[in-house]
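Number of protein chains: 2
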Amino acid sequence: MIGRLNHVAIAVKDIEAATRVYKETLGATVSAKVPQPEHGVYTVFVELPNTKIELLEPLGDDSTIQKFVDKNPDGGIHHVCYEVEDIIAARDQLVARGARVLGGGEPKIGAHGKPVLFLHPKDFCGTLVELEQV
Amino acid sequence: MIGRLNHVAIAVKDIEAATRVYKETLGATVSAKVPQPEHGVYTVFVELPNTKIELLEPLGDDSTIQKFVDKNPDGGIHHVCYEVEDIIAARDQLVARGARVLGGGEPKIGAHGKPVLFLHPKDFCGTLVELEQV
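Top to bottom, those sequences are chains S and B. Per UniProt numbering, the first sequence starts with residue 1, numbered consecutively. Per UniProt numbering, the second sequence starts with residue 1, numbered consecutively.
It is possible that part of the hints are untrue.
All copies of an identical chain are treated as equivalent in the list; a pair is satisfied when it fits inside any one copy or across any two copies.
Stated by the list, open to error - In the DSSO-like style, the derived pairs of lysine-lysine whose C-alpha atoms are separated by at most 27 Å in a straight line are:
1) K13 - K67
2) K122 - K52
3) K108 - K13
4) K108 - K23
5) K33 - K71
6) K122 - K33
7) K13 - K33
8) K122 - K23
9) K67 - K33
10) K23 - K71
11) K122 - K13
12) K33 - K114
13) K13 - K114
14) K108 - K122
15) K67 - K114
If you are wondering where the hints come from, they were derived from the structure by calculation, not from laboratory data. Just so it is clear, the structure is predicted and the values come from calculations on it, not from any experiment.
My request is simple: use the sequences and hints to build the entire structure.
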């Protein structure tokens, strides 16, 4: 069911400092910082040859990643995103196999403009998993 | 400097249960479980089209990941591994840029038989980073 690893998301308090780490220290290619108010985050993408690192900073008062960066002041890996061909079919298979889908189970449009769902970390090795239809 | 994302490592208490999650629930292709006593881990590789997920379970009394799984009983993302062409050149550049290399700074032979180094999470967005020469 799952295909490519679309991205690894790293949430931080200061996305500009994190961007410098990836650009200047690690020598990677990075995108511009983009506010995504509908998702409660700023994003910067680190472009690797085979996948992306998505840097996230909380935006707004009710950002879903605020609690994570409060708990992890140095930052940390927030989730991994796997690609699926058909997100509804994937969801239905996962639910049939006993996995929990977060947020009511209806796909939303994610930060890349594609339908996404998040899966319960307790069902996936303590890892928050995003599925993105590509 | 950094190239491909070689793998994302997920450390768990029970690698057989984690393998079932990736194989049966997420429908991915997984390798056999391999004991790597010299690294203090069992490994299973989840083969994705563009990269790998490395599942880890502690092996032996002084496994370096034992403390992590004690703190994270559901499991969790332990590190990310980026490929570099020349690990000594990469190390020297990183040190010159003020980053800390763990374990004395000399590369060791990693679980894939290639030279590896680990970088201090506090210098890399709260994320343990492995560099692997490929």
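Each hint, compared with the structure:
1. K13 - K67: both (11 Å within a copy, 26 Å between copies)
2. K122 - K52: both (25 Å within a copy, 21 Å between copies)
3. K108 - K13: Cα proximity of K108 and K13: one copy only (25 Å, versus 33 Å across).
4. K108 - K23: Close across copies (26 Å), not inside one copy (31 Å); limit 27 Å.
5. K33 - K71: within (23 Å within a copy, 33 Å between copies)
6. K122 - K33: Intra 31 Å, inter 22 Å, cutoff 27 Å: inter-copy only.
7. K13 - K33: This pair counts as within: shortest intra-copy Cα distance 14 Å, inter-copy 37 Å.
8. K122 - K23: between (33 Å within a copy, 17 Å between copies)
9. K67 - K33: within (21 Å within a copy, 36 Å between copies)
10. K23 - K71: within (25 Å within a copy, 32 Å between copies)
11. K122 - K13: Answer is both: 25 Å inside a copy and 13 Å across each meet the 27 Å cutoff.
12. K33 - K114: Result: close within a single copy only, 19 Å intra versus 35 Å inter.
13. K13 - K114: Within one copy only: 26 Å inside, 34 Å across.
14. K108 - K122: For K108 and K122, only the intra-copy Cα distance (21 Å) is at most 27 Å; the inter-copy one is 33 Å.
15. K67 - K114: Close inside one copy (25 Å), not across copies (38 Å); limit 27 Å.
Hint compliance for this structure: every hint is met.
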